[in-house]
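Colleague: Given chain C, put chain Z in place with the hints provided.
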Amino acid sequence: MVGKVKESRQRGLGKILKEASEVLRIEAEGILNLVDRLGPDFAEAVQWIYKARGRVIVTGIGKSGIVGQKIVATLNSTGTKAFFLHPVEALHGDLGMVSPKDIVLALSNSGETIELNVILPMLKNLGTRIIGLTGNTHSSFARNCHLVLYAGVEREACPLGLAPTASTAAMLALGDALAVVLINKRKFQAEDFHRRHPSGALGERLRVPIQRIMRTGKDIPVVKKGTSVGQALKEMDVKAMGATLVMADSARLVGIITDGDLRRGLGIHPGLVDRPVETIMSRNPKTIEVNRSVAGALEMMERHAITVLPVTNARGKLLGILHLHDLLGKGHIQFTL
Amino acid sequence: MTASAVPKGLICSLALVSSPREQVASEELRAVVSRLHPHAAAIFLDPMFWHPDQDYSGPVSAALLEEATTLLPPGLPLWVRITGKSADQTIHICQQLEILCRRLRFQGPLAWVDTPLLYHSNRGLTEHCEHMLRESQFPLLLDNDPDLVGKMAGKSKRKNIRTAILKRLAQNPSVAGLLHRGDLRRSLNYQRAVRARPDFLIYDASERHFLQRPSASGVLSVGANLLPAEWGLITQASVGLDERNGADESRFRHLWEVGQRVRTLQRLYSPAPTKVIPAVLAAWGLLRGGQLSLSADERRAVGLILEQVPRP
Numbered sequence: 001m002v003g004k005v006k007e008s009r010q011r012g013l014g015k016i017l018k019e020a021s022e023v024l025r026i027e028a029e030g031i032l033n034l035v036d037r038l039g040p041d042f043a044e045a046v047q048w049i050y051k052a053r054g055r056v057i058v059t060g061i062g063k064s065g066i067v068g069q070k071i072v073a074t075l076n077s078t079g080t081k082a083f084f085l086h087p088v089e090a091l092h093g094d095l096g097m098v099s100p101k102d103i104v105l106a107l108s109n110s111g112e113t114i115e116l117n118v119i120l121p122m123l124k125n126l127g128t129r130i131i132g133l134t135g136n137t138h139s140s141f142a143r144n145c146h147l148v149l150y151a152g153v154e155r156e157a158c159p160l161g162l163a164p165t166a167s168t169a170a171m172l173a174l175g176d177a178l179a180v181v182l183i184n185k186r187k188f189q190a191e192d193f194h195r196r197h198p199s200g201a202l203g204e205r206l207r208v209p210i211q212r213i214m215r216t217g218k219d220i221p222v223v224k225k226g227t228s229v230g231q232a233l234k235e236m237d238v239k240a241m242g243a244t245l246v247m248a249d250s251a252r253l254v255g256i257i258t259d260g261d262l263r264r265g266l267g268i269h270p271g272l273v274d275r276p277v278e279t280i281m282s283r284n285p286k287t288i289e290v291n292r293s294v295a296g297a298l299e300m301m302e303r304h305a306i307t308v309l310p311v312t313n314a315r316g317k318l319l320g321i322l323h324l325h326d327l328l329g330k331g332h333i334q335f336t337l
Numbered sequence: 001m002t003a004s005a006v007p008k009g010l011i012c013s014l015a016l017v018s019s020p021r022e023q024v025a026s027e028e029l030r031a032v033v034s035r036l037h038p039h040a041a042a043i044f045l046d047p048m049f050w051h052p053d054q055d056y057s058g059p060v061s062a063a064l065l066e067e068a069t070t071l072l073p074p075g076l077p078l079w080v081r082i083t084g085k086s087a088d089q090t091i092h093i094c095q096q097l098e099i100l101c102r103r104l105r106f107q108g109p110l111a112w113v114d115t116p117l118l119y120h121s122n123r124g125l126t127e128h129c130e131h132m133l134r135e136s137q138f139p140l141l142l143d144n145d146p147d148l149v150g151k152m153a154g155k156s157k158r159k160n161i162r163t164a165i166l167k168r169l170a171q172n173p174s175v176a177g178l179l180h181r182g183d184l185r186r187s188l189n190y191q192r193a194v195r196a197r198p199d200f201l202i203y204d205a206s207e208r209h210f211l212q213r214p215s216a217s218g219v220l221s222v223g224a225n226l227l228p229a230e231w232g233l234i235t236q237a238s239v240g241l242d243e244r245n246g247a248d249e250s251r252f253r254h255l256w257e258v259g260q261r262v263r264t265l266q267r268l269y270s271p272a273p274t275k276v277i278p279a280v281l282a283a284w285g286l287l288r289g290g291q292l293s294l295s296a297d298e299r300r301a302v303g304l305i306l307e308q309v310p311r312p
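Protein sequence lines, in the order shown, are assigned to chains C and Z. In terms of my numbering, the first sequence opens at residue 1 and continues consecutively. In terms of my numbering, the second sequence opens at residue 1 and continues consecutively.
Next up, chain C with everything else stripped away, as it sits in the complex:
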């Protein structure tokens, strides 16, 4: 009895693996089938995108739309500016985002998607050039494109036509082919990739304990209670954090002065530089415990709209200080392109 159950389970497992391998084979063949269909039109599509003075606008609906969004992500991260335009949203006003300098990359496996066949002539009228990715080169969709790239497959992996499988894999692969050829054309370097992927390195950084990156000891900008604002300014200048902490004694944090506090104070208090720091300091500043991570520190900064965060132990003793730039890697990651 036990043997029969085991046998039945093994047969079930075998059936599952057989079906899965068939799916993978079908999808692999679908992609390989496109190799022989690559031709001058593909090269022309690459040239159009490379030379475009505008952006690549990717559009599609359903599964093709999802593939399109992935293609947008790949294009953007590899140096080709792109965005996704949903055909239905386009009909409700988003067509205004399109300019004649843009290149449209439209996706439709069947070639008879009504929404796309409505907006393509409109896009043509705007003066954009349209590259179509389709499995049906004789469709209405294909006729509405200036350039057609074949992305069809000979067999789908899904029974009963329930969902596109091999055809979406093929379309995705063709989109990757466009993006990668463009990388080489633009001589895109690894540094450019990181510049466009701050969250790649940032993701790793977020898990780092703040203890590893906080400033400590003599690097912490700090003045004693009663110190003049003028002296505090010098401390801020030397430690280059845009802020200084105010301590009542060597361990007790009572306040913080930031550039903003100075700015506001100058408008209110005449002769501010000679006044004690308590005049303008923010009392009981927000702090973070040393065992938290960079992610936690970032979240606090965002929540309280602050860029400097003192770090303490569980008993409130000052151990260090964080600046937003320290959390983000201080010049290793930039957000400007």
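Simulated from the structure, these hints should not be mistaken for lab results. Because the structure is a prediction, the values reported are computed rather than measured. Don't take each hint at face value.
[What the hints assert, rightly or not] Simulated restraints, written as ranges between beta carbons of each label pair:
1. C:8 to Z:158: 33 to 43 angstroms
2. Z:74 to C:7: 51 to 61 angstroms
3. C:186 to Z:135: 27 to 37 angstroms
[To be verified] With a cut-off of at most 20 angstroms between alpha-carbon atoms, the simulated SDA-like pairs for lysine to any residue come out as follows:
4. C:15 to Z:182
5. Z:167 to C:37
6. C:18 to Z:186
7. Z:8 to C:15
[Claimed, not checked] In silico contact screen, one side only, chain Z against chain C (beta carbon under 8 angstroms); selected entries:
8. 121
9. 124
10. 188
11. 192
12. 202
13. 214
14. 238
15. 259
Think of the CB as a built atom: it goes at the ideal place given N, C-alpha and C, for glycine as much as any other residue.
Modeller: Leaving out everything else, chain Z in the frame of chain C:
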């Protein structure tokens, strides 16, 4: 040669009760064709399938071909079986039917269908097809049927068209496609072999295989005689795969339900389609005869189908 003779979609093998030697019953033919043609991409006349026990000298009679060409709506492709018992006979059949088409002034769309391994080996097959098609205005579809070849042509014979031979055959623009009944791996190999011919279509001639892993070219269906609309829907969903398939829950559910229905019926008639399907059509009054010599299992299958499918 017209390219539209080999369309993508549902290819309906017309249920034929009358054998090639009998008189064609026009009303029967009209009744069956009228049910099929709104959903079919092409109609296939295949007496070799529907009369496997009968000895025949010509797969399609002149009367049947003449009747079919008048009944089919204009533009709907007609596929015609030309397989004979030998290479010479097959060529003769092709030539005779070609002459008949000229006499009828029928210019298509039409395609010939042949299972060459029944009478010819892989060796020299390319030259045989070239010779056969030299004088023909219509394209040829190859039928790869390893089970039939194994049954009729002996165990020693190779049952499948060799992939390398198919690659050479596909270089002939008059060879338009293949009806495939083998396993998935072979179909993928064939697909790879004909990549240089983007217009070469590989149809699933096995309904069961199509329902599991559909060819994007289409299916040759006998069950469409019973459920033409359902087969049409499933085929259209599989061949013209819409990017919204699966996303729309009601459409998804409808496709699934129709698919299950089609699968259930396919399992009922597939052990003996040439007996069960005509019997059901006869019970519906669409065909005469068709109820001769049914086994108990076949009668049971007919009964179950009649229970599940309302009379049209």
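Colleague: For each hint, tell me whether it holds in the structure or not.
Modeller: Against the structure, the hints:
Between residue 8 of chain C and residue 158 of chain Z the CB atoms are about 37 angstroms apart, so this pair conforms to the stated range of 33 to 43 angstroms. Roughly 58 angstroms separates the CB atoms of residue 74 of chain Z and residue 7 of chain C, a value that falls within the hinted 51 to 61 angstroms. As the Cβ distance of residue 186 of chain C to residue 135 of chain Z is approximately 56 angstroms, the hint placing it in 27 to 37 angstroms is violated. Between the alpha carbons of residue 15 of chain C and residue 182 of chain Z the distance comes to roughly 19 angstroms, so the proposed pair stays at or under 20 angstroms and holds.
Restraint check for residue 167 of chain Z and residue 37 of chain C: satisfied, since their Cα atoms lie roughly 17 angstroms apart, inside the 20 angstroms limit. At roughly 15 angstroms between alpha-carbon atoms, residue 18 of chain C and residue 186 of chain Z fall within 20 angstroms of each other, so this suggested pair holds. Taking the CA atoms of residue 8 of chain Z and residue 15 of chain C, the gap is about 31 angstroms. The hint is violated against a cut of 20 angstroms. Hint status for residue 121 of chain Z relative to chain C: violated, with the closest Cβ pair at about 27 angstroms, above 8 angstroms.
Evaluation of the residue 124 of chain Z hint against chain C yields a violated restraint, the C-beta minimum of about 28 angstroms exceeding 8 angstroms. Checking residue 188 of chain Z against chain C: minimum C-beta separation of about 5 angstroms stays under 8 angstroms; hint holds. A distance limit of 8 angstroms between C-beta atoms decides the matter here; for residue 192 of chain Z the minimum to chain C is near 7 angstroms, and the interface restraint holds. Because the beta carbon of residue 202 of chain Z sits about 6 angstroms from the nearest beta carbon in chain C, less than 8 angstroms, this interface hint is met.
Because the smallest distance between the Cβ of residue 214 of chain Z and any Cβ of chain C comes to about 5 angstroms, under 8 angstroms, the interface hint for this residue holds. Interface restraint check: residue 238 of chain Z against chain C, minimum CB-CB distance 4 angstroms, threshold 8 angstroms, status holds. Taking 8 angstroms as the C-beta cut-off, the interface hint given for residue 259 of chain Z holds, the closest approach to chain C being about 4 angstroms.
Of the numbered hints listed earlier, those contradicted by the structure are 3, 7, 8, 9.
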